[in-house]
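Visitor: Below, each chain spelled out in residue letters.
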Amino acid sequence: DGGITQSPKYLFRKEGQNVTLSCEQNLNHDAMYWYRQDPGQGLRLIYYSQIVNDFQKGDIAEGYSVSREKKESFPLTVTSAQKNPTAFYLCASSRSWGTYGTDGTEAFFGQGTRLTVV
Amino acid sequence: GQQVMQIPQYQHVQEGEDFTTYCNSSTTLSNIQWYKQRPGGHPVFLIQLVKSGEVKKQKRLTFQFGEAKKNSSLHITATQTTDVGTYFCAGLAGTGGYNKLIFGAGTRLAVHP
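Quick note, the sequences are listed as chains F and C, same order.
The C-terminal residue of the first sequence carries number 118 in our numbering, and the numbering is unbroken.
The C-terminal residue of the second sequence carries number 113 in our numbering, and the numbering is unbroken.
Honestly, the hints are just simulated from the structure, not real lab data.
All C-beta atoms, glycine included, are put in the ideal place defined by N, C-alpha and C.
Where hints are given, some of them may not hold.
Unchecked claim - Quick list of simulated restraints, FRET-style, between CB atoms:
hint, chain 1, residue 1, chain 2, residue 2, range
1, C, H12, F, T77, 15 to 25 angstroms
2, F, G16, C, T27, 38 to 48 angstroms
3, C, K59, F, I51, 46 to 56 angstroms
4, C, Q9, F, K14, 39 to 49 angstroms
5, C, G41, F, S22, 30 to 40 angstroms
6, C, Y10, F, S22, 25 to 35 angstroms
7, F, K57, C, T27, 17 to 27 angstroms
As the list claims (entries may be wrong) - Chain F side only, calculated, beta carbon under 8 angstroms to chain C, not exhaustive:
hint, residue
8, S7
9, Y10
10, F12
11, Y33
12, G42
13, L43
14, N53
15, G58
16, T105
17, E106
18, Q111
Unchecked claim - Here are the simulated SDA-like pairs of lysine to any residue, each with C-alpha atoms no more than 25 angstroms apart in a straight line:
hint, chain 1, residue 1, chain 2, residue 2
19, F, K9, C, P39
20, C, K36, F, N28
21, C, K59, F, E106
22, C, K36, C, N99
If we strip away everything but chain F, and leave its shape as in the complex, we get:
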């Protein structure tokens, strides 16, 4: 059953702690993305990756870190430097525009992780 899986669905973090959100896909997609969504707001890009061992900062990368050691996996760490981490985090994957042209580059999203600081 192909798709993109995020875990956990709900996560509670104490202030000062780092937490890591998991994102795994079996769609053989090259590109992966992390977005943050605040209540009633749009999707803001945190980090994105086009290829293994390479990733780029998005618009709101401060306080976050990522790795791309495998094509299937793109975990996001929310560090203690992120002052307001409570939000809904969405991971997505897509085919790479550079490889296939602009067709078929739609993003497939995971179910999301709701992170709350307690």
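Given the coordinates of chain F, assemble chain C onto it according to the supplied hints.
Guide: Only chain C this time, still in chain F's reference frame:
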């Protein structure tokens, strides 16, 4: 940086009325994609437009891509309660071999029976 702006932020209609949301980019887009997010859910892809001036239809939904590939619109005819959700446009932008998907802020649609 590149921005994708979307209006209105919120639209409240009576069932059967039409609805339109508009998307504008600060730069030319390679393509424009539209997504729908139901309350409590995740965004789901609806359609992609690639060509200048392109128009595509999905039942009651009509999507347009501007001639300059900087703006787009989604029009829903005769809304139904199942249309409730937030509609996002997203532009694919690439520089130096890297492409990223930039989302507009979304338009939240409420439909009252």
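Visitor: The structure should be examined with respect to each hint, and the outcome stated for every one.
Guide: Structure-based check of each hint:
{"no.": "1", "hint": "C:H12 with F:T77: 15 to 25 angstroms", "verdict": "violated, 39 angstroms"}
{"no.": "2", "hint": "F:G16 with C:T27: 38 to 48 angstroms", "verdict": "holds, 40 angstroms"}
{"no.": "3", "hint": "C:K59 with F:I51: 46 to 56 angstroms", "verdict": "violated, 38 angstroms"}
{"no.": "4", "hint": "C:Q9 with F:K14: 39 to 49 angstroms", "verdict": "violated, 34 angstroms"}
{"no.": "5", "hint": "C:G41 with F:S22: 30 to 40 angstroms", "verdict": "violated, 19 angstroms"}
{"no.": "6", "hint": "C:Y10 with F:S22: 25 to 35 angstroms", "verdict": "holds, 33 angstroms"}
{"no.": "7", "hint": "F:K57 with C:T27: 17 to 27 angstroms", "verdict": "holds, 19 angstroms"}
{"no.": "8", "hint": "S7", "verdict": "violated, 14 angstroms"}
{"no.": "9", "hint": "Y10", "verdict": "violated, 13 angstroms"}
{"no.": "10", "hint": "F12", "verdict": "violated, 19 angstroms"}
{"no.": "11", "hint": "Y33", "verdict": "holds, 6 angstroms"}
{"no.": "12", "hint": "G42", "verdict": "holds, 4 angstroms"}
{"no.": "13", "hint": "L43", "verdict": "holds, 4 angstroms"}
{"no.": "14", "hint": "N53", "verdict": "violated, 14 angstroms"}
{"no.": "15", "hint": "G58", "verdict": "holds, 7 angstroms"}
{"no.": "16", "hint": "T105", "verdict": "holds, 6 angstroms"}
{"no.": "17", "hint": "E106", "verdict": "holds, 4 angstroms"}
{"no.": "18", "hint": "Q111", "verdict": "holds, 6 angstroms"}
{"no.": "19", "hint": "F:K9 with C:P39", "verdict": "holds, 16 angstroms"}
{"no.": "20", "hint": "C:K36 with F:N28", "verdict": "holds, 24 angstroms"}
{"no.": "21", "hint": "C:K59 with F:E106", "verdict": "holds, 20 angstroms"}
{"no.": "22", "hint": "C:K36 with C:N99", "verdict": "holds, 22 angstroms"}
When the structure is compared with the earlier hints, violations turn up for hints 1, 3, 4, 5, 8, 9, 10, 14 and for no others.
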